[in-house]
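Residue numbers for the sequence shown follow the working numbering, beginning at 1 and rising by one.
To be clear, the hints were calculated from the coordinates, so they are not data collected in a lab. Careful, some of the hints might be misleading.
As the list claims (entries may be wrong) - Subject to a maximum C-alpha distance of 20 Å in a straight line, what follows is the list of computed PhoX-like cross-link-like pairs (lysine-lysine): (1) LYS22 - LYS208; (2) LYS16 - LYS208; (3) LYS126 - LYS71; (4) LYS154 - LYS135; (5) LYS277 - LYS302; (6) LYS156 - LYS71; (7) LYS173 - LYS193; (8) LYS113 - LYS156; (9) LYS16 - LYS224; (10) LYS71 - LYS38; (11) LYS302 - LYS270; (12) LYS104 - LYS38; (13) LYS173 - LYS135.
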Amino acid sequence: MEKRTENYIRFDWAMKRLLRNKANFDVLEGFLSSLFGKTVKIQGLLESEGNREREDDKANRVDLLALMDDKAKVIIEVQNNTETAYFQRMIFGTSKVLCDYINKGQNYEHVSKVYSVNIVYFALGKGSDYVYHGKTEFRGIHNGDILQLNPFQKEKFEVDTVSQLFPEYYILKVNDFDKVAKSPIEEWIYYFKTGTLPENASAPGLDKVRELLRIDRMSEAERKAYEYHLYDMARLHDTVTSGYEEGRFDGKQEGRAEGLAEGIEKGIEKEKIRNAKTMKDKGYPVNDIADITGLSIEEIEKL
Numbered sequence: 001m002e003k004r005t006e007n008y009i010r011f012d013w014a015m016k017r018l019l020r021n022k023a024n025f026d027v028l029e030g031f032l033s034s035l036f037g038k039t040v041k042i043q044g045l046l047e048s049e050g051n052r053e054r055e056d057d058k059a060n061r062v063d064l065l066a067l068m069d070d071k072a073k074v075i076i077e078v079q080n081n082t083e084t085a086y087f088q089r090m091i092f093g094t095s096k097v098l099c100d101y102i103n104k105g106q107n108y109e110h111v112s113k114v115y116s117v118n119i120v121y122f123a124l125g126k127g128s129d130y131v132y133h134g135k136t137e138f139r140g141i142h143n144g145d146i147l148q149l150n151p152f153q154k155e156k157f158e159v160d161t162v163s164q165l166f167p168e169y170y171i172l173k174v175n176d177f178d179k180v181a182k183s184p185i186e187e188w189i190y191y192f193k194t195g196t197l198p199e200n201a202s203a204p205g206l207d208k209v210r211e212l213l214r215i216d217r218m219s220e221a222e223r224k225a226y227e228y229h230l231y232d233m234a235r236l237h238d239t240v241t242s243g244y245e246e247g248r249f250d251g252k253q254e255g256r257a258e259g260l261a262e263g264i265e266k267g268i269e270k271e272k273i274r275n276a277k278t279m280k281d282k283g284y285p286v287n288d289i290a291d292i293t294g295l296s297i298e299e300i301e302k303l
């Protein structure tokens, strides 16, 4: 039976505050090695904001973008808020990185390999698993065969399959994990979900989590900032739950399936606006309100 020991800092907070330090790359490397099933080394962190036109254009930003040892790039996103179009957000994120990191005039052979890793705390899609991997394959519509690279392409690009050239996507549905952690990636998901580590956890990087991410080792200022972050997450959950329930009621009153869906959406939006106004009245920074509610800075400033 697994025992819970110390509480640890949430991974999304750690990514933004602690893991950007090169000395702490071991944590990210351990997580990615557990997910990919191979040893990963991070050369550095990159930015993905080159073409951002507006300060509130949040879709152009990623939580963390890392350069791996084989020159591939890895996007790591943690998403707490329900987002119906999250699949499209994943597509946009990889496309943006691809465009940001090829120079005008370069040949297409310089297009980067991109991995999109998404840690989600909401019900994304419908499925029975808690880790999903997506890649691109071209299958013949008549014979069913998979299109392959020719020998010259394999040698030139140093890959074996067409899918290795295209972006790959990983989705970790944290809330759907309810098993005993037996594999390295399951030990990581256990940490993501509970904020604790399984007893005798041995996945790469978790030893560094024990060393670096214990809450009781935070300074008083860090702890207060972290508690503020947890409060934001709780408020975010309340926003979604309250809006969903209100929307269900409005939709049922209208008596149509379309009305139910529309009512839920309107209810969530109304709750976001109410919470944004409350936070604005209490002096929360506008950028924080935007991150918590999903509203744009322009919408918040009009409240």
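Do the hints match the structure? See the list:
no.: 1; hint: LYS22 - LYS208; verdict: holds (13 Å)
no.: 2; hint: LYS16 - LYS208; verdict: holds (17 Å)
no.: 3; hint: LYS126 - LYS71; verdict: violated (33 Å)
no.: 4; hint: LYS154 - LYS135; verdict: holds (18 Å)
no.: 5; hint: LYS277 - LYS302; verdict: holds (10 Å)
no.: 6; hint: LYS156 - LYS71; verdict: holds (15 Å)
no.: 7; hint: LYS173 - LYS193; verdict: holds (10 Å)
no.: 8; hint: LYS113 - LYS156; verdict: holds (15 Å)
no.: 9; hint: LYS16 - LYS224; verdict: holds (16 Å)
no.: 10; hint: LYS71 - LYS38; verdict: holds (15 Å)
no.: 11; hint: LYS302 - LYS270; verdict: holds (15 Å)
no.: 12; hint: LYS104 - LYS38; verdict: violated (33 Å)
no.: 13; hint: LYS173 - LYS135; verdict: holds (18 Å)
When the structure is compared with the earlier hints, violations turn up for hints 3, 12 and for no others.
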